[in-house]
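Following the hints, put chain X in place on chain L, whose structure we already have.
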Amino acid sequence: MSKDDTLQQVTTNLSDWYLSSRDRLTKASSPVFNAPRTEAIDHFRTLGIPGRGNENYLYTDVQKVFSQPYKRHIDPQKIIFSVEDLFHCDIPELDTELILLVNGWFYNNRPPLQILPNGIIYGSLAEAALRYPDMVKSHYTKYADHSTEGLVALNTAFARDGTFIYIPKNGGNEKAFQIVNILLSTEDLFVQHRNLVIVEEGAVARIVVCDHSLSALQYLTNSVTEIYVGKNAELHYYKLQNEHNLSNQFSSSYIHQERDSRVVFNTVSLHGGIVRNNVFVKLNGQGASNETLGLFLADQNQHVDNYTFVDHAEPDCTSSQNFKGVLDDQATGAFTGRILVRQDAQKTEAYQVNNNILLTDEAQMSTRPQLEIYADDVKCSHGATVGQLDENALFYLRTRGIDSREARLLLMHAFGHEILKQVSVKPLQERLEDLVDKRLRGELSRCNNCPVQCET
Amino acid sequence: MTEDRNKILHEVTQGEYKYGFVTDIEQDIIKKGLNEEVIRMISAKKKEPQWMLEFRLKAYLYWTTLKMPEWAHLKIPEIDYQDIIYYAAPKQQAKLNSLDEVDPELLKTFDKLGIPLDEQKHLTGVAVDAVMDSISVKTTFKETLAELGIIFCSFSEAILEHPDLVKQYMGSVVPYRDNYFAALNSAVFSDGSFVYIPKGVKCPMELSTYFRINAANTGQFERTLIIADEGAYVSYLEGCTAPMRDENQLHAAIVEIIVQADAEVKYSTVQNWYPGDKNGRGGIYNFVTKRGLCAGENSKISWTQVETGSAITWKYPSCILRGDNSSGEFYSVAVTNNHQQADTGTKMIHLGKNTKSTIVSKGISAGLSQNSYRGLVHVAKNADQARNFSQCDSLLLGDRCGAHTFPYIKVNNNSAIVEHEATTSRIGEDQIFYCNQRGIDTETAIGLIVNGYTKEVLNKLPMEFAVEAQKLLQISLEGSVG
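Listed in order, the protein sequences are those of chains L and X. Just so we're aligned, residue -5 is where the first sequence starts under our numbering, counting upward by one. Just so we're aligned, residue 2 is where the second sequence starts under our numbering, counting upward by one.
Quick caveat, the hints were computed from the structure, so don't treat them as lab data. Beta carbons: idealized from backbone N, C-alpha and C, even for Gly. Hints are all accurate, no fakes.
Not close to chain X: a few residues of chain L, all C-beta gaps over 12 Å, as computed:
id	residue
1	Leu41
2	Lys58
3	Leu94
4	Leu110
5	Asn167
6	Asn239
7	Leu403
8	Ser418
9	Lys432
As a list, the in silico SDA-like pairs of lysine to any residue whose alpha-carbon atoms are at most 25 Å apart:
id	chain 1	residue 1	chain 2	residue 2
10	L	Lys373	X	Tyr454
11	L	Lys58	L	Gln2
12	L	Lys373	X	Cys436
13	X	Lys348	L	Ser375
14	L	Lys(-3)	X	Met69
15	X	Lys47	X	Gln83
16	X	Lys68	L	Leu41
Extracted from the complex, chain L is given alone in its bound form (with noise of 0.2 Å):
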């Protein structure tokens, strides 16, 4: 069977399986989920799962993830294994306000809704839609647009839970708030969850979002986060990949931005199977800047590629990107940033830049840096680069007494703390850059008490 073929059985058995559980998945959720589902699954019929001959996904090979036969559940399973026998954050003095998500589903050990008395609240989604459903409604598939993109449609079409963070006007937190996704399980399974945060006028707020895969098993997530940040709002956004090489990822990542807001959003690729990111970024409002970040180190067979959009809607607004990526053994890269000025948005500046290094000679890296520009007062430019490393550094490093490793590992660790150096997060950012470290090394870079000694 070609792979179009593979993909479009895919599709039918998925909008099967829509068809089969729609009944289930009504009478368990919220109003405010149910609405858009049939037009998302229509979109997603029409759309289906993107192949090789969508030129957003030239690079990953879809196929083959999909195709696999993974368990698909339409309501949360049991969980044998207590999690917080397995699950401690061990990154020192990280104290945080915890979510934490198995396999898709809030865990359901603490309530599903934290109120704090400066009206933060968050916690579960599916909660949220239950108990404010208008607030999630004015929110909820207005940033992330399920007509356009299949994997999207296909989240929306089964969404029922999923992390809600909101910060009321003015509002903010001393703690970052802490979204752990853990994929824990005794067979391959299939995951979707989806996540709103809304982030009022004048509010900040700091979120970290973890990946783990605690069991050694195939794993496939389609999620799809929903981020509004109003006016002369600030967010710094997070998100360390850290799974392992059966975990394969789709995230997508919509942020709306209003006027005057501020958005830094750094995406940290340890470790997973075939990992796509997606990043849209739409600056609605006069002078709001965003910043979109990333490092990947990928080694043996690994796949990761991430993809952002940028677009200028509005006048005066900034926009940088920065990924790096390390890439060793037969691991394979992919960067494509397209950043969109639209007609009217004079005095834009957008900058672009993707630098890489390959290590070895199978290691593969492909990278498409995009401008589309339509107004014309504007400073846009993009670089991109494909290399190793710096001879001349290595050679001074070793007239220094610096052996051959130390010296390529130093080099490393400079080329990616320049994303790591901009977490606002210090002790996140510390152990960053000790993961960062102890994965160029090759150690495995397992959080330390994590239980399950996956070796994959």
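Below, chain X without anything else, positioned relative to chain L:
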């Protein structure tokens, strides 16, 4: 000052096309439409051998299985391939021996184009093969070249007189299965130029082809094949114009270059097909496949293009760097105005060791035009120490046009170094202010800046063409350049 600028930018859009005349010449035209019979007819008219006809039919059969690609950043109205005349030739009775026998109307046409076809212009030392509506009209300087063993003739002549060379190389760089338009061209191509430079020969003069679409409703499908044997060198120029017509005309050509060890080919194009009028009516669709193969060690291909014409330009002159130490260069200036669209760039495929490539692309968009750079740099697994540097700059004149950059970089070798840079900007107000301060009026200042901006590429053109290219920029960006 902004108002001033706007005025000038407005004037820019008033640019006129000065090559828009129609030559009243007797044409040998076949019926509209494309089918097997038409291909047999073209082949028969050209008295081609059987193997050529078979090649055409194979290509046609393949073409019928294809769909027109849609990935480009272009809005292309649907093309009815049955509504095109696939063969139109100036009526020629007998083979001509001297210029006196050429139709005077035709000579007048080329005079207007400023092609150095007649004797007095021989002093300029350019050998010209002029192709009008698909048929090669006259090749000058043939004897001089023949003494050195250089073959420079029309493609049809080459098929008849040098069948071995044509058989060996035709389709070796751009196979008929390469893409939609390559298949179409392979099926219906009518003529073109053929160049063979033997071992160790440095061609003493610049070779040049001038293409012109004259007849209405015709497509032009020419094919150029350039072979530089070991140690050879040639500089080849190509220019094109077309009359002003309301309907669109299709131009789908193929250029193949084969460069053996230590040889070098420099290919320069000044493309000035009719771009359509101010409202976007008419104009040429310029969908061309150009590709060179650096087959031997130390070989070199250099593409230089100045693209000012065509309603839609869609082409990527490319280099396959197969020989070790071979190098490819691409220098491009693409200007779009009014409703013009361009999606152009290059592909550099690094296969051999120590291969180098340089890409310098300068886009200028004005009016309501859309100008895209699209390029691929591919470093294959065995291309150790491959090196690429790309620079793509876009200049926007006006706030209703677009400038886009879509580079693709694929690296499979860790000793490769690939760099890409791109910027998009408009002419800085401070730059204009600086000029104004020194008594240079705004119009001249814009001219100066655009000139300086494109200089890096124009400098790569042979003298003759550099002058013409500058003139073309003037026409395309009326008044503001000079």
